[in-house]
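> The lines below spell out each chain.
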Amino acid sequence: MSLLSLEGLTVDLPTPRGNLRAVDGVDLALAAGQTLGIVGESGCGKTMLSRAILQLLPKRARVGGRVMFEGQDISKLRPDALRRLRGPALAVVFQDPMTSLNPVLTIGTQLVETLQAHLAVDGREAVRRGVELLAAVGIPAPEQRMGQYPHQLSGGMRQRVAIAIALSCEPRLLIADEPTTALDVTVQAQILDLLARETRRRHMAMILITHDLGVVAGRTDEVAVMYAGRIVERAPTRALFHGPRMPYTEALLAAIPKLDSAPHTRLPTIEGRPPDPTRRMPGCAFAPRCRYAEGDCVVGKPGLGPVDAGHEFACWHPR
Amino acid sequence: MAGFLSRRLLGLLPVLLAVSLLTFAIASLLPGDLAYVVLGDQATPENVAALRHDMGLDQPIAWRYLLWLGHVLEGDLGRSFRTGQTVLTAVTERLPVSLQLMVVAEAIGLLIGIPIAILCAVRAGGAFDRFMTGTAFSMLSVPSFLSAILLIYLFAVELHWLPATGYTPFLEDPIDNLRGFLLPAFTLALGEWPVLMRVLRSDMIATLQEDYIAMAKAKGLRPARILWVHALKPSSLTLVTVTGINIGRLIGGAVIVESIFALPGLGRLLINAIYTRDLIILQGVVLLVATGFVLMNFLVDMMYAALDPRIRHGRA
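First to last, the protein sequences are chains A and B. First residue of the first sequence? That's 1 in our numbering, and the numbers climb one at a time after it. First residue of the second sequence? That's 1001 in our numbering, and the numbers climb one at a time after it.
Bear in mind the hints are in silico, worked out from the structure with no lab data behind them. The reader is advised that the hints may include incorrect statements.
[Claimed, not checked] DSS-like mimics (lysine-lysine), calculated; alpha carbons at most 27 angstroms apart, straight line: (1) 258(A) x 1233(B); (2) 76(A) x 1233(B); (3) 59(A) x 1233(B); (4) 1217(B) x 1233(B); (5) 76(A) x 59(A).
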């Protein structure tokens, strides 16, 4: 049994311009201890997907399909049962630690309260574990940090604190939603390596959401590429980087700057923009921007398949 | 923290100076000569001139201000020429009554306002929210003399639960003292809670959209902790400001309610001073009330620092 499986997950958001389908029928499975990267550009629905897994969607959102976690549909759980799952089973690291940590509570409070919400520990034991966790995520002088407020720490340190909080109750699944986007480039690699190390050490599954293919390279077992609310290609990381089948993935890979190209080479870009998510289109959503598109691409939507050594893609004319 | 405190305290000096100048100016520029008021029907030109000289009224106004300020700084605010009581005695006699009224009223206002604001914010736009926002609005438009009369009719005349008027000092009988304060404080609170509720509600709605609230939910915290700790504290800066301003306003501003319920507070002292043209009392009370208001605002500043560490550390 897989740890997490999404079955036909859809998320609809009512907007003044009509219904916006943010997630359009996603099927995914993730085994315990596995890491999955979800890659896509802004607005492709990757954040809504993660919020749907965490059951943290805005109230007006309508969700279809099922989110199965360890065999139960967590979208049907009662609030109290869901609350007990969050922390010890499911945890999250958000994009910007400046806004995801409460500015008026100390690091210690925010760490200790999580431990005390789920584990039967007294105050002193919770503080001891908190210090231990801060040390484990590479924060120097952890005892002093416990009494400090988020604004007294650097961005990288704040994200380490957020990771310590997420790890505090030993979750089985960690969702990291663009965990390095708000950080300096020099700090990004450190944070990603920390996440990779802790997932291995704790045998924890992780979904790493990013717009940057470079972030998932070498740090996840599998990669799923999202476009316009759907998963368009999914493969073991190495296979995806070496032989992308879906033209969108190919174009994304081509858009990564290369060190060995001559100076002043123009970066390859993907022409056009993603489709308006409030308008349903019959064919492949990438067809208007795809250099390989043919007549049949705008008529019918390609499904995700066929699975060949764990590699699946949604395209009528794969590479 | 000590640096922050002394900086803020130093900033109070010019404000207090301006307050004293304004108070003195208002009392001095009121039409009518004080000497005529004091002398009444014995106001012959000779008597008036003699009294004016005795009281220093023939001196230039700037000089009189400086003299008065000097006395004030020595703690001498003057003496009523009607009762012979010093301003300080008159105020210290009545201040506890006004302070207690204001504290009880504000506490009741907060006790009603905060939970309603939180409940409204959690389901903003829902039936409860719309009902309470409407109720708050209509409560705001009920004048305090009307709600006072209605409350007296209900709780004193019909139900006989609480006394309609009268004041018992706390040390004499604490229970009677509190019973006497409940109706006037509740009257004031009826006008207070809608303001407090509306301010907190809108700040709460904004805070509940923050990432750190999503994070608190994702941590599996209990809803009560998310609301009362994670959301209330960062949402309460405006609430503290408004509470502080209202407390300051109530110190001398509960005139009508103090009169209706016959509470011997500062408001009544002020009204009597105005009726009897007791300018020394008037001037002294206004100065003390205004100073209290300024100090209240200073306390509000301190509360900001206590609530938000970023202000304490001089970052925001």
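> For every hint, state whether the structure bears it out.
Evaluation of the provided hints:
1. For the hint pairing residue 258(A) with residue 1233(B), the CA-to-CA distance comes to about 49 angstroms; that exceeds 27 angstroms, so the pair is violated.
2. Taking the CA atoms of residue 76(A) and residue 1233(B), the gap is near 32 angstroms; set against the 27 angstroms cutoff, the hint is violated.
3. With a C-alpha separation of about 23 angstroms, the suggested pair residue 59(A) and residue 1233(B) falls inside the 27 angstroms cut-off, and the hint holds.
4. A distance of roughly 16 angstroms separates the Cα atoms of residue 1217(B) and residue 1233(B); the hinted pair therefore holds under the 27 angstroms criterion.
5. Proposed proximity of residue 76(A) and residue 59(A) is supported: the alpha carbons are some 15 angstroms apart, at most 27 angstroms.
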